[in-house]
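Asker: Sequence:
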Amino acid sequence: MDVVYLIEVGPQDVAASRFAISPLNETMHAMWMLSGRQQAGAHAAWAAVARPRFARLLTASAGARALVALFRQGAYNADFIAPPPAGVNVSFAEEIAAMRATPLDRARTEIALSLDGRPPPPAEIMTVLDDEHVVASLADGLERTWTDLVAPEWPRFHAVLERDVIQRAGRLATYGWAAALGDLGPRVRWRPEPGRIEVGAPGKGDERHRLDGRGLLFLPSVFVRNVIAYLDDAWPYALVYPARGVAAGRLRAGGDAALAGLVGRSRARMLAELETPATTTQLAARLGLALGTAGGHVGALRAAGLVAGTRVGRQVLYRRTPLGDALVAGAPAL
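First residue of the sequence shown? That's 1 in full-length UniProt numbering, and the numbers climb one at a time after it.
Hints in this document: simulated from the structure, not taken from any laboratory.
Even for Gly, the Cβ is constructed at its ideal location relative to N, Cα and C.
Some clues are possibly wrong.
[To be verified] Derived CB-CB ranges, DEER-like:
{"no.": "1", "residue 1": "Ala-178", "residue 2": "Ala-112", "range": "24 to 34 Å"}
{"no.": "2", "residue 1": "Ala-86", "residue 2": "Gly-41", "range": "20 to 30 Å"}
{"no.": "3", "residue 1": "Arg-191", "residue 2": "Leu-262", "range": "38 to 48 Å"}
{"no.": "4", "residue 1": "Thr-109", "residue 2": "Val-316", "range": "19 to 29 Å"}
{"no.": "5", "residue 1": "Ala-300", "residue 2": "Ala-60", "range": "45 to 55 Å"}
{"no.": "6", "residue 1": "Glu-124", "residue 2": "Leu-104", "range": "41 to 51 Å"}
{"no.": "7", "residue 1": "Arg-100", "residue 2": "Ala-48", "range": "52 to 62 Å"}
{"no.": "8", "residue 1": "Ser-91", "residue 2": "Pro-122", "range": "29 to 39 Å"}
{"no.": "9", "residue 1": "Glu-193", "residue 2": "Ala-112", "range": "33 to 43 Å"}
{"no.": "10", "residue 1": "Ala-75", "residue 2": "Ala-304", "range": "11 to 21 Å"}
{"no.": "11", "residue 1": "Glu-275", "residue 2": "Ala-55", "range": "32 to 42 Å"}
{"no.": "12", "residue 1": "Leu-262", "residue 2": "Gly-36", "range": "32 to 42 Å"}
{"no.": "13", "residue 1": "Glu-207", "residue 2": "Tyr-175", "range": "24 to 34 Å"}
{"no.": "14", "residue 1": "Ala-15", "residue 2": "Pro-120", "range": "45 to 55 Å"}
[Said to hold, decoys possible] Subject to a maximum C-alpha distance of 20 Å in a straight line, what follows is the list of computed SDA-like cross-link-like pairs (lysine to any residue):
{"no.": "15", "residue 1": "Lys-204", "residue 2": "Arg-187"}
{"no.": "16", "residue 1": "Lys-204", "residue 2": "Thr-174"}
{"no.": "17", "residue 1": "Lys-204", "residue 2": "Arg-171"}
{"no.": "18", "residue 1": "Lys-204", "residue 2": "Ser-114"}
{"no.": "19", "residue 1": "Lys-204", "residue 2": "Ala-60"}
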């Protein structure tokens, strides 16, 4: 039986809620995936290339091996390893510096909680975890994973995350909880009466929590497959959830080749990418194009009536028109 987290919200909680993007948390989630804790899904092609490199990294880094040994799916993970992010533009360097500043006593307490109730890890892992330099060792493992595997793909990952934030934050502000939570998966439900978010997770029994005007932290991820609720004192109350559009923009061989032949490969990829709205900057990052080149393609697609733009604050979000949807849908899939 699943545990259900019952999160009661009040009138002030929509305005108090915020969104964040965390390169450090995404590095941890990438390690979950590359170590086999979760399926690769839309990242199967990237994972196939990254896993041999990650295996070599594990051989060379005792800290990375200790991190993998600490990870628990559906159970407590040491909070200091991935501190709560401060905003949408925080850098990995800032986050890893915050982690490295963790007091040793706190790290040891949280490591003990993470290990509680399960068989002890191998002796070589315990040597790392018991050492007075454990925080530095674990941080080194994360930093190496970031540098070798995640950072080269970060512009693409960040564009997906940023686009989700812009769209979901707009929905939350304009339409409320139901619009922001509606596509997060079957484990997440909004109950307008009595004003409650319900999140299912592995476990037993129910837990009740109140936001009390603090709002909720929304943290999109390109790696997680299911919603993760953080509802303890070490974090703001938060939902980590799969970002929309992770799989968008990947041309299907053969099927979308016909579309590419009609409008060109870059514009076909852009149309596929606009399954969810995006800015020109986000499209450029996702597709590996110069900003001016991306702007030219957007202009051509707009002139053809395939995309339309909507101003949101200082940005213009582009989306497919019904004609663009029909053109993409008409490309035969493999």
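Asker: Starting from the hint 38 to 48 Å, judge whether the C-beta atoms of Arg-191 and Leu-262 obey it.
Answerer: Cβ of Arg-191 to Cβ of Leu-262: about 46 Å, so the range 38 to 48 Å holds.
Asker: So the hint says 33 to 43 Å: do the beta-carbon atoms of Glu-193 and Ala-112 match that?
Answerer: holds (42 Å)
Asker: Measure nothing beyond the straight line between the CA atoms of Lys-204 and Arg-187; if it is 20 Å or shorter, mark the hint as holding.
Answerer: holds (15 Å)
Asker: Verify the CB-CB distance for Arg-100 and Ala-48 against the hinted window 52 to 62 Å.
Answerer: violated (32 Å)
Asker: Is the distance from the Cβ of Ala-300 to the Cβ of Ala-60 consistent with 45 to 55 Å?
Answerer: Holds - the Cβ-Cβ distance for Ala-300 and Ala-60, about 47 Å, lies within 45 to 55 Å.
Asker: Mind checking the alpha carbons of Lys-204 and Ser-114 for me, to see if they're no more than 20 Å apart?
Answerer: With a Cα-Cα distance of about 18 Å, the restraint between Lys-204 and Ser-114 holds, given a limit of 20 Å.
Asker: Taking 41 to 51 Å as the hint, is the beta-carbon distance of Glu-124 and Leu-104 inside that range?
Answerer: 20 Å Cβ-Cβ, so the 41 to 51 Å window is violated.
Asker: Look at the Cβ atoms of Glu-207 and Tyr-175 and judge whether their distance stays inside 24 to 34 Å.
Answerer: holds (27 Å)
Asker: Determine whether the Cβ-Cβ distance between Ser-91 and Pro-122 falls within the hinted range of 29 to 39 Å.
Answerer: At 34 Å between Cβs, range holds.
Asker: Between the beta carbons of Ala-178 and Ala-112, is the distance compatible with 24 to 34 Å?
Answerer: violated (41 Å)
Asker: Taking 32 to 42 Å as the hint, is the beta-carbon distance of Glu-275 and Ala-55 inside that range?
Answerer: holds (33 Å)
Asker: Cβ-Cβ distance between Ala-75 and Ala-304: within 11 to 21 Å?
Answerer: Given a distance of about 52 Å, which is not inside 11 to 21 Å, the answer is violated.
Consistency note: the structure conflicts with the earlier hints numbered 1, 4, 6, 7, 10, 16, 17, 19.
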